[in-house]
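A.B. asks: Now for the letters of each chain:
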Amino acid sequence: MNEHGSPSTPATVGTPALTGLSATEIDRSCRAPLLVLFVSAALWLLVGSVFALIASIHFHSPGFLADIAWLSYGRLQPAGTECLLYGFCIQSALGIGLWLFARLGRARLAQSLLAATGALFWNLGTALGLGGILAGDRTGFVCLDMPGYAAPLLLAGYLLIALSSALTFHHRTERSLFVSQWFLLAALFWFPWIYSTAQLFLVTWPVRGVAQAMIGWWFANNLQTVYLGLAGLAFVFYFLPKLTGNDLHSRYLALLTFWMLLLFSSWGGISQSAPTPAWMPTLSTAATVLNLVPLLAVGLSAYQTTRPGSSPRAPSLPLRFVLFGVVAFLVAGLMQVLGVLPRVCEITDLTWFGAARCQLHLFGFFAMTALGAIYYIVPRLLEIESPSSGLVRAHFWLAACGITLVVVPEALAGIAEGLKLQDPNHEFVEVMRGTLHFLRVSTLGLLFIAGGQALFLGNLAAQTFRFSRSRAATTYAEVTADLFKIVEVKP
Amino acid sequence: MNYGPLIFLSAFFALAGSWFGFVITPQVQIGRLQPTNTLGNPLTYPLARPGLAHQGLEVYRANGCADCHSQQVRQTGVLLEVALADAGTNKPAVVAALVKFKSGLSEADAQRVLAELPKTLLRGIQRQEADAALKLLSTAGAKAALSIVPQGPDLARGWGRRRTVAEDFLYDNPVLLGAQRIGPDLANAGSRRPDLNWELCHLYAPSSEVKGSAMPACRFLFEKRPTEPGLAPEALVFPGGMDPAPGYQILPRPEAMALAAYLLSLRADAPLFEAPLLSSAAATNAPAAPAATTNTPSAHPAKSS
Amino acid sequence: MTPERAQSLPLSAEAAEPRCSEAAVPVWLVVLLLLLAFGGMVYFDQRGGWFNPQVYAPYVSVVELQSFQPPTGGINLERGKQVYESICALCHNPDGAGKPNQAPPFAGSEWVLGNPNRIIRIPLSGLNGPVKVKDVEWNLSMPAMGAALSDDDLAAVLSYMRSSWGNKAAQITPAQVKAVRAEIGNHTQMWTAEQLNAVQ
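Residue numbers (the numbering used here), protein chains in the order written: chain A, 25 to 515; chain B, 5 to 309; chain C, 42 to 241.
Here chain A stands alone, though its shape is the one from the complex (with noise of 0.2 Å):
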């Protein structure tokens, strides 16, 4: 139910409580790698965010910080991108998804040592990457600027990770799957062979010509729209259901946005202005438009989901941000899909539409759903009360608000700038200076999103600190009890 309800009816259906574990013993087991996990995340949620504004303050003000290369745009940004895919987003998929493997399979979390260490890697990688791309070695290709020396410590932390969830999964004592769990499985393998295909095709050895174009194109596609479309989905699919109460509407939905999501996603992403054979981006036209279906799928399913006996009062705050991460799928999935018919696409092909779609995916759908999950986990992690509503609201709005003044603008420039680059008549200089007033309403927004993330930061924080802090008093009046038995007896 909610937060602020009575206790549930006993759960009868559905969970055979009967093994015994309980869902705090299941919890307390992940407590380890989740903490390192969710506490690095929001640190990086929270850099990557300091980044992306500084760099967005460079078209305002072209000769802001100009004296030093490693706070040039073309560094920033790329360092701001990065932080929010790997050290905020797959870290929150990985720790999310092993909680859930956990509790749906109603079994401890396996090897939680080393998923810890795992996690530990995972953020030195992220660490050295940064550096590599703030000191110049950013390997050009978006989503995979990171230069090659970080991609080893990331393979391993993410191998580790992924093996506590695979052992955590053959373990389960629940034998039928959860949604959830296809979802997941699908996610934890494709990771690593997008990720090694791209480092081996595009760092290593590198291959010829346009051929790295398309690979970075794959992979940045497939990254974004089906690793972390795949875990995003997998954790409304779960959330929608807890948080509200109701049944999940319905399985076939969910197989049928599942194989879509596989079977389609992954085929999109190629630019329709590429410098290649015409039958690539024909075929990942063709491909993205079939995504409208798992989108309607996703859609109906979410309003089937959260319609029946809804209560008056207003959801509860890790379900708002759940809701507002289906509808910013739905509405990247939709500029998606319109972006890449063949009228649309000369217009706002190569303008900041493509930006805004990205982000709206990347911010407005993972991370706010990833937001509202870690939000419901971690204080069941710490057996600590929730904390203070005030401040996840303040969050909650910081990041909508925020998000809706990055996208909406950008979206809006985008689409004036491909119009008016239609003729050639106008200078290409009036056109672009013509978007820069949409960019300062984005730099807004990225402040209130940055905002948003250092209260996420002192949140969490603040709940570590708390649990730390009533372990030490447990540990202390455990040990002080001893010392006054002893000083008791004593006469």
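Just so you know, these hints were derived from the structure itself, not from any lab. C-beta atoms are modelled at their ideal positions from N, C-alpha and C, and glycine is treated no differently. Misleading hints may appear alongside valid ones.
Unchecked claim - Listed next, with one range per pair, are the computed distances between beta-carbon atoms:
1. A:Leu443 / B:Pro230: 46 to 56 Å
2. B:Asn6 / A:Leu415: 35 to 45 Å
3. C:Ala220 / B:Asn94: 18 to 28 Å
4. B:Pro230 / A:Ile92: 45 to 55 Å
5. B:Arg116 / C:Leu73: 56 to 66 Å
6. C:Ala210 / B:Gly21: 55 to 65 Å
7. A:Glu454 / B:Met246: 45 to 55 Å
8. B:Pro39 / C:Leu73: 39 to 49 Å
9. C:Gln143 / B:Asn94: 18 to 28 Å
Unchecked claim - Derived DSSO-like pairs (lysine-lysine); straight-line CA-CA distance at most 30 Å:
10. A:Lys444 / B:Lys215
11. B:Lys95 / C:Lys122
12. C:Lys209 / C:Lys175
13. B:Lys139 / C:Lys209
14. B:Lys123 / C:Lys140
15. C:Lys209 / C:Lys173
16. C:Lys175 / B:Lys95
17. C:Lys122 / B:Lys147
18. B:Lys147 / C:Lys219
Chains B and C: place on chain A using the hints.
C.D. replies: Quick look at chains B and C alone, frame taken from chain A:
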């Protein structure tokens, strides 16, 4: 859908499709391309970039120029044109030929056409029609020529003469096509403006060369020294009144020189089989249309950079 | 454990893990899927170039691409025929058989079929003195009938001669004519057979 390995395997094969289609197949088709001949020219294309320009590509990559600049020229169509340059000695035969292939043209109009040479006679026609017209005209002794003119907003803007194709990037590593045009497209930057000083001044202070530019200045690629004891030969020469640092001379570092060399080496306008292009000088008298009929290279002034 | 109360909210009692309903997929969604799949296939058929690595948008097939290739600079034999009939046929006959005591034949002539540099020189400056054509001696005088022709026209007429009346020899290009013109400069005297035979 309750059996883990089954889901894993089916997901594996479903996702593997795209790996096969967009990683392996492009490598087979494009990754093994060899340099080819440009049409009508025994030159092999592309030529590998000279050493400094190749280093410039590394600077381009490290500083994220591809975040704002694309190198993908688009093309939305192509037109065939037949233009008459010279009527030769047998004017009546030429008039007769004109009347034959250009429907609706009277003899008097044809005579008028002959007085206004060179002139584009046909535009946007099929190949057979063009060939037939050319044959009639050359049989009558006139000098006529065929033009193949790619069309598109990018081309009309002067960003290229034809679309970019895979051959253009054969020797580049990494291939940085860019995803956004916050700045103009650079695929033909070298043929559009082969001016080293302009590139360097633009890198140091973009608004000195392009009024109103929002490009971040890359001052870290340069060194600033006072003008005494004397001006170095490689000091930048800014356009009048736009000197961003009066009293100082700006000297390019090796990275700036490499980057400028790379930018000057960027050209993608050689005619190829997959991107045909043919312009004949005879078409210069064509009526001005919103889409320029001939994007003659470097000679034409940079319209909008 | 001493949980803090203050402004925090009570931890909810754990709800059961979610379940799925078994509702069916709506038919319209399946219909939409099939329609989009069909549309996608049609789109690929029209614009995909059928996996050909040489076909780039906006071209849709290799056939279309070939129709936009530049011409390979072919000689216009029609023009050659016109020029021949207006200038050469008066003496050499329209069927290339020549006229006895007037002009040697072209059909099967080793001069026409042989080294281009020799046959190009003859109309440019004329021919004088004894010359053997198809084992027949001729001793007449031919003026420089081709001196006033352009490179294109001369190339066209020579190519026409070399591919008509049973003759089969490679075409002569305007570039070759231009080169010969440059070589001979302002040579105005008529050629003799010995001089021509000495040309490589």
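A.B. asks: Now look at each hint and say whether the structure bears it out.
C.D. replies: These are the hints, each one checked on the structure:
1. A:Leu443 / B:Pro230: 46 to 56 Å: This hint holds: roughly 48 Å between Cβ atoms.
2. B:Asn6 / A:Leu415: 35 to 45 Å: Cβ of B:Asn6 to Cβ of A:Leu415: about 41 Å, so the range 35 to 45 Å holds.
3. C:Ala220 / B:Asn94: 18 to 28 Å: 26 Å, holds
4. B:Pro230 / A:Ile92: 45 to 55 Å: 22 Å, violated
5. B:Arg116 / C:Leu73: 56 to 66 Å: Since B:Arg116 and C:Leu73 have Cβ atoms about 59 Å apart, the given range 56 to 66 Å holds.
6. C:Ala210 / B:Gly21: 55 to 65 Å: The hinted range 55 to 65 Å holds for C:Ala210 and B:Gly21, with Cβ atoms some 57 Å apart.
7. A:Glu454 / B:Met246: 45 to 55 Å: Since A:Glu454 and B:Met246 have Cβ atoms about 19 Å apart, the given range 45 to 55 Å is violated.
8. B:Pro39 / C:Leu73: 39 to 49 Å: 47 Å, holds
9. C:Gln143 / B:Asn94: 18 to 28 Å: 26 Å, holds
10. A:Lys444 / B:Lys215: Holds, because 19 Å separates the two Cα atoms, which is no more than 30 Å.
11. B:Lys95 / C:Lys122: 18 Å, holds
12. C:Lys209 / C:Lys175: The given pair, whose Cα atoms are some 16 Å apart, holds under the 30 Å limit.
13. B:Lys139 / C:Lys209: Roughly 22 Å between the alpha carbons, so the hint for B:Lys139 and C:Lys209 holds.
14. B:Lys123 / C:Lys140: Outside the cut-off at roughly 44 Å; violated.
15. C:Lys209 / C:Lys173: 20 Å, holds
16. C:Lys175 / B:Lys95: It is violated: about 39 Å lies between the C-alpha atoms, which goes past 30 Å.
17. C:Lys122 / B:Lys147: At roughly 17 Å apart (the allowed maximum being 30 Å), B:Lys147 and C:Lys122 satisfy the hint.
18. B:Lys147 / C:Lys219: 17 Å, holds
Hints 4, 7, 14, 16 from the list above are not met by this structure, while the remaining hints are.
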